[in-house]
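Residue numbers (numbering that gives the first Met the number 0), protein chains in the order written: chain A, 0 to 533; chain B, 0 to 371.
Note that these hints are calculated values from the structure, not bench results. Small disclaimer: the values here were computed from a predicted structure and weren't measured. Hints are supplied without guarantee of correctness; some may be wrong.
[To be verified] Covered stretches of chain B (in silico footprint by chain A; criterion: 3 or more residues with CB under 8 Å from a CB of chain A, positions within the stretch not fixed): (1) 128 to 139; (2) 238 to 244; (3) 250 to 261.
[Said to hold, decoys possible] Cut-off 30 Å, straight-line C-alpha distance, at most; resulting in silico cross-link-like pairs (DSSO-like, lysine-lysine): (4) B:Lys14 - A:Lys420; (5) A:Lys408 - A:Lys398; (6) A:Lys174 - A:Lys441; (7) A:Lys240 - A:Lys441; (8) B:Lys260 - A:Lys441; (9) B:Lys260 - A:Lys420; (10) A:Lys420 - B:Lys146; (11) B:Lys17 - A:Lys420; (12) A:Lys207 - A:Lys178; (13) A:Lys3 - A:Lys392; (14) A:Lys207 - A:Lys75; (15) A:Lys459 - A:Lys392; (16) A:Lys398 - B:Lys260; (17) A:Lys408 - A:Lys420; (18) A:Lys29 - A:Lys174; (19) B:Lys260 - B:Lys146; (20) A:Lys29 - A:Lys207; (21) A:Lys68 - A:Lys29; (22) B:Lys260 - A:Lys392; (23) A:Lys124 - A:Lys68; (24) A:Lys240 - A:Lys207.
[What the hints assert, rightly or not] If you want the ones that stay clear, here's a sample from chain A, every Cβ over 10 Å from chain B, calculated: (25) Ala84; (26) Ala85; (27) Ser119; (28) Ser125; (29) Gly192; (30) Glu193; (31) Glu252; (32) Ile275; (33) Arg292; (34) Phe375; (35) Cys414; (36) Lys443; (37) Gly474.
Here a beta-carbon is modelled for each residue, glycine too, at the ideal position from N, C-alpha and C.
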Amino acid sequence: MHEKYVLQLEGIRKAYGENVVLDDVSLRVKPGEIHALLGENGAGKSTLMNILFGMRVIHDTGGYDGVVKISGEEVKFTAPTDALAAGIGMVHQEFMLIPGFTITENIKLGREDTAPTVASRIFGKSLERLDREKMDGDARRSLDSIGMGIEEHVRVAGLPVGYMQFVEIAREIDKLGIKLLVFDEPTAVLTEGEATQLLEVMNTITQKGIAIIFITHRLSEVMDAAHNMTVLRDGELVGTKPIAETNLAEIAEMMVGRSIENLGIAADGEESDAPIAISVRDLHVDMPGERVRGVSFDVREGEIFGIGGMAGQGKVGIANGISGLFSAEGSVTAFGQPLNLSRLGEALEHGIAFVSEDRRGVGLLLDESIAYNIMFRVMTTQREFLSRFGPIKLLNRRKMQQHADDMIKLLDIRCRSGRQKVGTLSGGNQQKVCLASALTAKPKLLIVSEPTRGIDIGAKELILNYLTKLREEEGLTVIMISSELGELRSLCDRIAIVADGKIVNILPPNATDAEYGLAMSAVSAEEAGKVVQS
Amino acid sequence: MSQMTAKNEPSTFVKNVKRLVNDFGLPRLIILTLFILLFVMAGIYDMNLPSFFGDVLRRWGMWGILVLAMVPGIQSGIGPNFGVTVGIVGGLVGAVLSINMNHAGVFDFVTNPALHTIVLALVAIAIGLALAIPMGILYGMLLNRVKGSEMAVSVYVGFSVVNLFNILWATFPVTASILILPATGRGLRQMVNLRDDFGGAFDEPLRFAIGDMTIRPGLLIVFFLACFLMYLFTRSRLGMMMSAAGSNPSYARASGINVEKMRVLGTTISTALGAVGIIIYAQSFGFLQLYLAPLMMGFTVVASVLLGGATVRRARVFDVLLGAFLFNGILTIALPLANTMLPDVPGVPEMLRLIITYGIVLYALSKVKGGR
């Protein structure tokens with residue numbers, strides 16, 4: 000008899016040590032269904048999929064609680080190969096293809112069809128030759144079934160990105176007995192046309208009775224393609240609903256939810272009429288994984304301007320482009336003067352200090368002392384902390400130490416002394432050193448990227464409070480980039496939400512959860528307006 | 000309470016020893032122990048310790064500037080500069096030209112003999128620098144194109160340059176007979192005696208002896224002065240920028256520093272110091288060694304600085320002082336000691352030298368963390 004569900008996850012709970020990342024999550028998928036799995040970064044989607052695939056990281060950290068059933072039978076996978084044998088496949092976000100191999104070879108990799116030869120009769124199966132005709136035939140069938148006309152003997156190297164995605168899919172459906180396919184952000188790297196085509200392919204696949212779990216952040220795609228959807232938030236199940244019975248606004252609200260309860264909301268989002276501090280026009284930044292595809296915005300003096308959005312959507316790229324760390328195009332005008340984006344140190348010289356999200360990589364010299372780190376950038380760009388020694392100028396250690404002591408007191412950096420190496424400090428204190436270094440330059444505009452990532456609550460509060468204080472007392476303009484929407488809403492005057500490398504909408508902090516959710520899912524302001532009104 | 004501390008004592012002791020080993024570095028510790036052991040043995044065998052010590056000091060100054068050449072290379076991020084031989088051959092050309100000019104009577108106007116040798120040495124250094132600096136810039140630009148494998152490339156650059164200059168030595172058009180290979184009448188000799196030229200230019204002035212121990216303050220002053228200037232450079236804005244470019248290129252870039260330029264700067268200074276270093280080496284040694292003599296010098300100086308506690312990513316002037324001293328100390332004492340202890344086995348000190356050199360380089364390479 001036919002089972003009702005191809006996959007049942009019941010009451011899944013997973014904790015890493017004390018930290019519960021999934022709590023009582025259930026998910027049921029019927030054959031031939033496209034089931035969207037939604038949630039912000041860190042909501043628990045990946046952990047759930049790791050459990051489903053029996054990834055080692057789950058078992059190495061003490062396994063999970065709850066039941067996984069495939070076609071009604073309870074299973075407990077301990078390795079990804081078990082999951083594959085049970086008919087579960089995955090289409091990866093990063094392509095797992097060998098560029099030098101042909102499409103057929105990639106589709107059949109590890110599962111090649113072979114035919115006996117003279118040598119194999121004597122020495123065993125490993126010397127059989129490849130049955131290329133059969134392999135090509137199978138590959139052709141798989142490609143045809145997803146409506147891809149490309150020839151199967153073409154090499155993968157040099158194919159357009161979209162095609163690689165389809166080769167991956169063809170490989171998965173070529174596997175015998177495949178019941179369930181997981182698509183992890185499949186449209187993230189595709190063009191609009193390719194994405195539409197992919198959604199059609201997904202539909203074709205499900206008509207064969209194969210179920211699909213569709214992980215994405217683009218809600219419009221969910222509305223177009225999925226039958227049901229499940230939303231996770233902070234490791235908890237928010238709800239499961241048929242798509243027909245819900246709408247964009249509701250889904251968006253479910254995703255963003257009450258994540259700001261305890262922080263409160265800063266301002267009313269009115270744009271002040273102060274002079275413009277920085278004006279960005281059509282900025283493109285070529286930062287791998289955080290590509291920016293044309294953003295424009297103005298920030299006024301004395302404002303705290305937030306930039307939010309999901310990871311990998313380009314919000315971090317904006318800051319790195321302005322500060323000249325990654326090659327950028329477009330025009331940036333700071334305090335009335337145009338910035339030459341291709342020149343290193345240009346931003347610093349125009350009074351723009353940048354606190355990077357990559358503290359240990361870009362932000363600090365880990366082998367040097369706190370004092371050295373704090374003064375270094377000002378020393379190189381503004382030639383301070385140097386004193387004349389005969390014909391040359393040398394580092395003035397006394398001045399450096401004094402300044403460091405002031406900063407340590409001001410920012411409450413927990414350390415033995417200014418001579419301690421930065422590498423031995425905790426994340427929060429390292430962040431304070433980064434901030435101290437940026438402030439030493441006496442910037443007119445401070446760009447902080449992910450200022451609270453990976454640091455403890457105490458340090459987080461101190462840093463956020465200090466940013467507010469700086470604005471109020473010194474009139475400093477701040478651009479704050481963060482993945483934590485709650486943080487942005489508690490601090491900023493206006494918040495730009497970035498998706499797919501573009502600013503979708505600039506919202507006041509008191510906008511509704513639905514508005515934020517929609518913006519983060521790349522639903523533009525006009526569309527969102529329609530949805531919210533209806 | 001007292002019981003608890005008593006219990007904890009051994010573990011804290013072990014911890015302290017471990018920390019000491021960590022701070023000081025295992026290879027340094029082993030070599031230092033070996034050095035002391037050799038000294039004690041030399042004493043037991045009733046050998047002339049003061050005389051040895053004088054020799055150690057001399058070799059310290061001889062090799063010092065060549066070892067110092069490692070510091071700017073490592074600080075700028077190209078790693079230990081095995082290709083310091085690029086600078087060395089530049090210095091050798093300077094020396095050859097200076098000798099040739101001397102025998103043509105160009106420097107006859109300097110009549111004071113001590114001053115005469117110094118002028119000759121300085122001219123050799125000046126010509127050496129004039130050659131080494133552009134070569135260093137080119138070499139640095141090459142190293143910028145092979146990021147990640149600078150060490151392997153620098154080894155082969157060193158080898159290639161030494162052999163390339165062999166052609167030059169064999170065809171060098173000089174007139175001074177002291178330089179020319181007598182057998183063929185053209186091309187340079189393998190070894191040129193510097194007695195009539197700049198031999199001892201910095202060794203001889205102020206030289207004095209305490210018993211059997213000869214001290215050459217001139218040589219050491221030159222070495223220490225070079226170290227002091229290098230130290231000052233590391234405290235200057237440019238020096239700090241160069242060091243940041245080496246230790247964290249992304250950080251440097253975010254500070255508005257052109258990392259590529261800094262690497263070229265570090266390579267050039269290193270190469271230039273190679274040119275200066277070989278003149279100091281030759282004047283103390285008394286002979287100018289051409290052809291394949293400089294081939295493995297890169298390895299010796301790399302081993303010395305690593306022995307002093309430098310790593311392939313971090314080097315200080317102090318590492319140079321300590322490393323050059325230990326390395327040469329061991330060799331100076333091991334030679335006569337081995338002859339006394341094992342009179343029938345030839346070549347023990349040479350073996351020891353190679354074992355230490357390659358062992359240390361190997362140890363340092365095994366410590367290189369993957370990735371950048």
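To see whether the hints hold, each was checked on the structure:
Figure legend: the region 128 to 139 of chain B, annotated as covered by chain A; annotation inconsistent (0 residues with Cβ-Cβ distances under 8 Å, at least 3 required). Three residues within the 8 Å Cβ limit are the bar, and the region 238 to 244 of chain B against chain A gives 3, so the coverage statement holds. Interface restraint, the region 250 to 261 of chain B with chain A: holds (7 residues with C-beta to C-beta distance below 8 Å; minimum three). This hinted pair checks out: lysine 14 (chain B) and lysine 420 (chain A) have alpha carbons roughly 20 Å apart, not beyond 30 Å.
About 16 Å separates the Cα atoms of lysine 408 (chain A) and lysine 398 (chain A), which keeps this hinted pair within 30 Å; it holds. Among the hinted pairs, lysine 174 (chain A) with lysine 441 (chain A) is inconsistent with the structure: their alpha-carbon atoms are about 61 Å apart, more than 30 Å. Between lysine 240 (chain A) and lysine 441 (chain A) the alpha-carbon distance is near 52 Å, which puts this suggested pair outside the 30 Å criterion. Between lysine 260 (chain B) and lysine 441 (chain A) the alpha-carbon distance is near 28 Å, which keeps this suggested pair within the 30 Å criterion.
For the suggested pair lysine 260 (chain B) and lysine 420 (chain A), the alpha carbons sit about 27 Å apart, so the restraint of at most 30 Å is met. A C-alpha spacing of about 27 Å is found between lysine 420 (chain A) and lysine 146 (chain B), which places the hinted pair at or below 30 Å, so the restraint holds. With a C-alpha separation of about 20 Å, the suggested pair lysine 17 (chain B) and lysine 420 (chain A) falls inside the 30 Å cut-off, and the hint holds. Under the criterion of a C-alpha separation no larger than 30 Å, the hint pairing lysine 207 (chain A) with lysine 178 (chain A) is consistent with the structure, at around 10 Å.
Among the hinted pairs, lysine 3 (chain A) with lysine 392 (chain A) is inconsistent with the structure: their alpha-carbon atoms are about 79 Å apart, more than 30 Å. For the suggested pair lysine 207 (chain A) and lysine 75 (chain A), the alpha carbons sit about 26 Å apart, so the restraint of at most 30 Å is met. For the given pair, lysine 459 (chain A) sits about 38 Å from lysine 392 (chain A) by alpha-carbon distance, which is inconsistent with the 30 Å threshold. The suggested pairing of lysine 398 (chain A) with lysine 260 (chain B) holds, with an alpha-carbon distance near 29 Å, which does not exceed 30 Å.
With a C-alpha separation of about 17 Å, the suggested pair lysine 408 (chain A) and lysine 420 (chain A) falls inside the 30 Å cut-off, and the hint holds. Pair hint lysine 29 (chain A) plus lysine 174 (chain A) holds up; C-alpha atoms about 20 Å apart against a cutoff of 30 Å. Between lysine 260 (chain B) and lysine 146 (chain B) the CA atoms are separated by roughly 14 Å; this keeps the pair inside 30 Å, and the hint holds. A hinted pair counts as satisfied when its Cα atoms are at most 30 Å apart, and lysine 29 (chain A) with lysine 207 (chain A) qualifies at roughly 13 Å.
Our distance criterion of 30 Å between C-alpha atoms is met by lysine 68 (chain A) and lysine 29 (chain A), whose separation comes to about 12 Å. About 20 Å separates the Cα atoms of lysine 260 (chain B) and lysine 392 (chain A), which keeps this hinted pair within 30 Å; it holds. Using a Cα cut-off of 30 Å, the hinted pair lysine 124 (chain A) and lysine 68 (chain A) is violated, with the two alpha carbons roughly 35 Å apart. Between lysine 240 (chain A) and lysine 207 (chain A), the direct Cα distance comes to roughly 23 Å. Compliance with the 30 Å bound is thereby established for this hinted pair.
No Cβ of chain B comes within 10 Å of the Cβ of alanine 84 (chain A); the nearest lies about 34 Å off, and the non-interface call holds. The non-interface label for alanine 85 (chain A) is consistent with chain B: the shortest C-beta to C-beta separation is roughly 36 Å, beyond 10 Å. Non-interface call for serine 119 (chain A) relative to chain B: holds, since the shortest CB-CB distance, roughly 40 Å, exceeds 10 Å. Annotated as non-interface, serine 125 (chain A) keeps its C-beta farther than 10 Å from every C-beta of chain B; the closest such distance is 33 Å.
Residue placement check: glycine 192 (chain A) keeps its beta carbon more than 10 Å from all beta carbons of chain B (closest about 36 Å). Residue-level check passed: glutamate 193 (chain A) sits 33 Å from the nearest beta carbon of chain B, beyond 10 Å. Chain B leaves glutamate 252 (chain A) outside its interface by the beta-carbon criterion, the shortest separation being 39 Å against a cut-off of 10 Å. Against chain B, the non-interface label of isoleucine 275 (chain A) holds: every CB pair exceeds 10 Å, the least being about 24 Å.
The Cβ of arginine 292 (chain A) sits about 23 Å from the closest Cβ of chain B, beyond the 10 Å cut-off, so the non-interface label holds. At the 10 Å boundary, the C-beta of phenylalanine 375 (chain A) falls inside the reach of chain B, the nearest C-beta of that chain being 6 Å off. At the 10 Å boundary, the C-beta of cysteine 414 (chain A) stays outside the reach of chain B, the nearest C-beta of that chain being 19 Å off. Listed as a non-interface residue, lysine 443 (chain A) keeps its Cβ farther than 10 Å from every Cβ of chain B; the least gap is roughly 17 Å.
The beta carbon of glycine 474 (chain A) is kept farther than 10 Å from every beta carbon of chain B, the shortest such distance being approximately 25 Å.
Checked against the numbered hints given earlier, this structure breaks hints 1, 6, 7, 13, 15, 23, 34; the rest are met.
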